[in-house]
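Novice: Read top to bottom, the protein sequences are chains Z and W.
Using the numbering used here, read the first sequence as starting at 81 and increasing by one per residue.
Using the numbering used here, read the second sequence as starting at 309 and increasing by one per residue.
A portion of the hints provided could be inaccurate.
What the hints assert, rightly or not - Ranges of calculated distance between the beta carbons of each label pair, as one might list FRET restraints: (1) W:PHE686 x Z:PRO266: 42 to 50 Å; (2) W:GLY498 x Z:VAL270: 33 to 41 Å; (3) W:GLU466 x Z:ARG229: 54 to 62 Å; (4) Z:PRO266 x W:GLU817: 20 to 28 Å; (5) Z:VAL270 x W:THR443: 50 to 58 Å; (6) Z:LEU265 x W:ARG926: 31 to 39 Å; (7) W:GLN690 x Z:ARG229: 30 to 38 Å; (8) Z:PRO266 x W:GLU515: 26 to 34 Å; (9) W:SER603 x Z:ASP89: 29 to 37 Å.
Said to hold, decoys possible - Beyond 12 Å from chain Z on every Cβ pair, some chain W residues (computed): (10) LYS361; (11) ASN364; (12) LEU429; (13) THR443; (14) ILE633; (15) LYS679; (16) CYS727; (17) ILE786; (18) SER803; (19) VAL825; (20) ARG905; (21) ALA944.
What the hints assert, rightly or not - Cross-link-like lysine-lysine pairs, in silico, DSSO-like; alpha carbons within 27 Å at most: (22) Z:LYS269 x Z:LYS254; (23) W:LYS316 x Z:LYS116; (24) Z:LYS154 x W:LYS663.
Simulated from the structure, these hints should not be mistaken for lab results.
It should be emphasised that the depicted structure is a prediction, and the values quoted were computed from it without experimental measurement.
Every residue, glycine too, gets a C-beta built ideally from N, C-alpha and C.
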Amino acid sequence: MAGTQLPNDPYNIIITGVGGQGNVMASRVLANMLVKKGFYVTIGETFGASQRGGSVMSHLRVSKKDTWSPQIPKGKAHVIVALEPTEAIRVLADYGNPDVKVVSNTRPIHPAGVIAGDLNYPAIEETKKTARGISSHAWFIDATDEALRLGNPILGNIIMLGALSGLDDLPLDKEDFREVIAESLPQNKVDINMEAFDLGRGLLKE
Amino acid sequence: MSALLDKKEGAEHLLMGNEAIARGALEAGVKVAAGYPGTPSSEIIESLAGVAKDANIYVEWSVNEKLAMEVAAAASFAELRSLCVMKQNGVNVASDFLLHLAGSGTRGGMVLVPCDDPGALSSINEGESRFFARTVEIPLLEPGDFQEAKDMTKWAFELSEELKQLIMLRSVTRLSHASGNVRFGTLPTGEAKARFRCDGFILDPDEGIVISAPVDYKHGQQHEKLKRAKEIFEDSPFNTYEGPEKPELLIITSSACTLYSREAISILGLKERVGLLKLGTTWPLPPKLLTRYLSLAEKILIVEEVLPFLEENVKVIAAETASEIGIKKFYGKNDGTIPMVGELNPDYVINAITKILEIEYLPRPEEYAAKTQGLAFFGAPQRELIFCPGCPHRASFWSIHNALELDGRKGFVCGDIGCYTMALLPTGFTTLKTVHAMGSGSGLASGFGKLGQFGLDQPVLAVCGDSTFFHTAIPALINARHHKSDFTLVVLDNSGTAMTGFQPHPGLEVNAMGDNVPDLDIAEICRSMGARVEIRDPFELEETRATLNNLMEDNEGLKVLILRQICGLSPEKKAGKKYEMAINEEICLGENCGCNRVCTRIFRCPGLVWDKEKQVTRLDEVICTGCGVCADICPAGAITRKEAV
Ligand code: SF4
Ligand code: SF4
Chain Z
81 MAGTQLPNDP YNIIITGVGG QGNVMASRVL ANMLVKKGFY VTIGETFGAS QRGGSVMSHL
141 RVSKKDTWSP QIPKGKAHVI VALEPTEAIR VLADYGNPDV KVVSNTRPIH PAGVIAGDLN
201 YPAIEETKKT ARGISSHAWF IDATDEALRL GNPILGNIIM LGALSGLDDL PLDKEDFREV
261 IAESLPQNKV DINMEAFDLG RGLLKE
Chain W
309 MSALLDKKEG AEHLLMGNEA IARGALEAGV KVAAGYPGTP SSEIIESLAG VAKDANIYVE
369 WSVNEKLAME VAAAASFAEL RSLCVMKQNG VNVASDFLLH LAGSGTRGGM VLVPCDDPGA
429 LSSINEGESR FFARTVEIPL LEPGDFQEAK DMTKWAFELS EELKQLIMLR SVTRLSHASG
489 NVRFGTLPTG EAKARFRCDG FILDPDEGIV ISAPVDYKHG QQHEKLKRAK EIFEDSPFNT
549 YEGPEKPELL IITSSACTLY SREAISILGL KERVGLLKLG TTWPLPPKLL TRYLSLAEKI
609 LIVEEVLPFL EENVKVIAAE TASEIGIKKF YGKNDGTIPM VGELNPDYVI NAITKILEIE
669 YLPRPEEYAA KTQGLAFFGA PQRELIFCPG CPHRASFWSI HNALELDGRK GFVCGDIGCY
729 TMALLPTGFT TLKTVHAMGS GSGLASGFGK LGQFGLDQPV LAVCGDSTFF HTAIPALINA
789 RHHKSDFTLV VLDNSGTAMT GFQPHPGLEV NAMGDNVPDL DIAEICRSMG ARVEIRDPFE
849 LEETRATLNN LMEDNEGLKV LILRQICGLS PEKKAGKKYE MAINEEICLG ENCGCNRVCT
909 RIFRCPGLVW DKEKQVTRLD EVICTGCGVC ADICPAGAIT RKEAV
């Protein structure tokens, strides 16, 4: 586990996905864990209309010293967590740089245009190749499939957070995670979330 | 208990800007808060409603913004502190009362919080509430970060009491919906007693009658208050300067743009060359402070969103003091350095600074940028906005669309504001042909419905949601009925204000604070006006379509079809699927079925996925909510439903 040092200050995280996937929840849990470690965290996110099937992003700025802009400048992400694989590409196009790391779910959500047959959805192998070509590392994890195995697809987000903790760039403590989710979830849900977090961490380390 | 009521002074929490505003109001001892839901403002009232019982305050979702302001003003007149909250265009709705309230003045501290939505992230306008502060002549504050959102809100109540005037505190999406660390102050103890003193000398601000007349006297008073506000603002800690003593360029900014500007200066490494004057008190501007800082630099860049409000006001001061501060070169919206349309971000400010100071900036290596060219297009298919899986609106517009086609007289639908506004898009079969303000669908239909005299022979329809019905559709219906206008209103009743997160409205038995309250029946209200009223379940596609055709054929007068089905995202719906769905790949004929692949090409529920390889439609069991509707769409009977256990 890294100490409370940040590899960069501010350290810029983008969590991306499709409206309805639980972006906001994931960013809140992550931010609260970091606030517990004494950091300033700023989150900027999309609500409202774009929550209806659109692409959504949460920008997290983690700093020892200050509150930062809720929008990360273009090209300045340090890590991108994608709950949907093509969203990783969309975000890389704007916020990527040669040093960025990517942790992505593999489960696609087809846009209406793809379902209708008007647009093409790239094969996952193609997406992986693209992501690897424009990042320093890109990990792809079957988070939704694993979550379904645990009994609830929404746990995919927690698996992704667990995976992010596996990078060891941020002091993401398992106990902080337990405390944060215990504040918002009923007690009987905590264990399964802990399991999902561990699972994600393990998947990244594989 | 909610973090919002944390009693520990100095406690630090991660709060959304809206929650920070709510906490500030609590620290100020607010007693009454009222608002109408609208992104990005809704969480302020929601958070206060959530702690209303513990904090012993009264919180309501009013029927519309004008009422919210009136309800809050009544509390102020009775010497309580009160808050009213709305999104930017809500201020338009409330503005008639606002003008008069600004004239009459207030008693208990009263704060109006409009949340603007630069870039229209969740609006169909880029309305600007700051100009209202200038137009009705009340002081305006703009917090620059989350801590200020709390601190400034608290101070706004004190200022309001000192001036006996309403204070506007304006937020924007990127503050309201962003989150950051906030250090708490103390929560007040002690009770406040409401009393309305109105028997004193009529001009007495504390005991007289409350009115904006005699106008010359009250208007004069208002100007005295503004003068006093200017003096107070000269020394406000919410106006800060960071930068060198003699900057080459002075940036003047406010609100979320403060964070963008600071970031831009930091990224470009220009802390020694560029100064940042961040203003928290933006109307009336404190002239001495402005003159002092304008003297520092020759080049002035004004960074703000929506209209050039700050820019114009700063230029007035610069013109008035030109002999003292010299001639300045101004950059901002008027000369195109800052875009006139859309929201800002650090990159826009970086662009502006590099242009003015003629410096180079490359956010990432050129070869990397080249590799990402076109990626957003080819590597990530566009996501258009769609109704949620299982959304009743998809079913409703399916039937409305089909009824109009069948009717064949080129009937059209006037739209309104809510999730269902998306029926302009393919997800609602491009059914809506006009969309304006809340309630305007019914208002426009009332007008179209009178054009038969001039040969308009197309059936006229309007839609509105249940919350919109109460907000402003009712006067339009009264107008239509009284003037014998012919149209059909479809009320899409999904039992809540779905777009903004299920806030209750007068049609429900519960209020913001969770109390049991009388519900008003939409059908009965319409019947009492003399409208012909039908009620259907939009998930019964054929019945809905047939009813609508029947109503359209009835050419006379006002007709109302209420389509009742709870929102797909409601907690109730999320609890479990009604149906287990299955698609029989043997029966699904895909492109060959003659149905033009209606399920995935046209109906487009995201629960249905087109399997390109197998050339059949598949079900995505993670996304499907089991509403069962698509079983009735498939003419081949490939999609089946079974009651879930
Ligand atoms: S409508 Fe029915 S038969 Fe036609 S493609 Fe869709 S599922 Fe297959
Ligand atoms: S049952 Fe059909 S229409 Fe309803 S959510 Fe599932 S896929 Fe969509």
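Novice: Each of the hints needs a verdict: does it hold here or not?
Specialist: Going down the list of hints, with the structure as the test:
Between PHE686 (chain W) and PRO266 (chain Z) the CB atoms are about 44 Å apart, so this pair conforms to the stated range of 42 to 50 Å. Remark: the range hint 33 to 41 Å for GLY498 (chain W) to VAL270 (chain Z) is upheld by a beta-carbon distance near 39 Å. The given range of 54 to 62 Å is respected by GLU466 (chain W) and ARG229 (chain Z), whose C-beta atoms sit roughly 56 Å from each other. Remark: the range hint 20 to 28 Å for PRO266 (chain Z) to GLU817 (chain W) is upheld by a beta-carbon distance near 26 Å.
About 53 Å separates the C-beta atoms of VAL270 (chain Z) and THR443 (chain W), a value consistent with the hinted range of 50 to 58 Å. At about 32 Å, the CB distance of LEU265 (chain Z) to ARG926 (chain W) agrees with the hint of 31 to 39 Å. For GLN690 (chain W) and ARG229 (chain Z), the hinted distance range of 30 to 38 Å is satisfied, since their beta carbons lie about 32 Å from each other. Separated by about 53 Å at the C-beta atoms, PRO266 (chain Z) and GLU515 (chain W) break the suggested range of 26 to 34 Å.
Between SER603 (chain W) and ASP89 (chain Z) the Cβ separation comes to about 35 Å, which falls inside the hinted range of 29 to 37 Å. Distance to chain Z confirms LYS361 (chain W) as a non-interface residue, since its nearest Cβ pair spans about 20 Å, more than 12 Å. At the 12 Å boundary, the C-beta of ASN364 (chain W) stays outside the reach of chain Z, the nearest C-beta of that chain being 24 Å off. With a cut of 12 Å on Cβ distances, LEU429 (chain W) falls inside the contact zone with chain Z, its closest approach being about 6 Å.
Once the 12 Å rule is applied to beta carbons, THR443 (chain W) is consistent with being away from chain Z; the minimum gap is 27 Å. Annotated as non-interface, ILE633 (chain W) keeps its C-beta farther than 12 Å from every C-beta of chain Z; the closest such distance is 30 Å. Distance to chain Z contradicts LYS679 (chain W) as a non-interface residue, since its nearest Cβ pair spans about 5 Å, not more than 12 Å. With a least beta-carbon separation of about 7 Å from chain Z, CYS727 (chain W) fails to lie farther than 12 Å from that chain, contradicting its non-interface assignment.
Distance check for ILE786 (chain W) against chain Z: the nearest CB is about 31 Å away, which clears 12 Å, and the non-interface claim stands. For SER803 (chain W), the non-interface assignment is confirmed: its Cβ lies about 18 Å from the closest Cβ of chain Z, beyond the 12 Å cut-off. Distance check for VAL825 (chain W) against chain Z: the nearest CB is about 27 Å away, which clears 12 Å, and the non-interface claim stands. Residue-level check failed: ARG905 (chain W) sits 7 Å from the nearest beta carbon of chain Z, not beyond 12 Å.
Separation of ALA944 (chain W) from chain Z is adequate, the least Cβ-Cβ distance of about 18 Å exceeding the 12 Å criterion. Under the criterion of a C-alpha separation no larger than 27 Å, the hint pairing LYS269 (chain Z) with LYS254 (chain Z) is consistent with the structure, at around 15 Å. Annotation: proposed proximity of LYS316 (chain W) to LYS116 (chain Z) holds, straight-line Cα distance about 16 Å (limit 27 Å). Taking the CA atoms of LYS154 (chain Z) and LYS663 (chain W), the gap is about 17 Å. The hint holds against a cut of 27 Å.
Of the numbered hints stated above, those contradicted by the structure are hints 8, 12, 15, 16 and 20, listed in ascending order.
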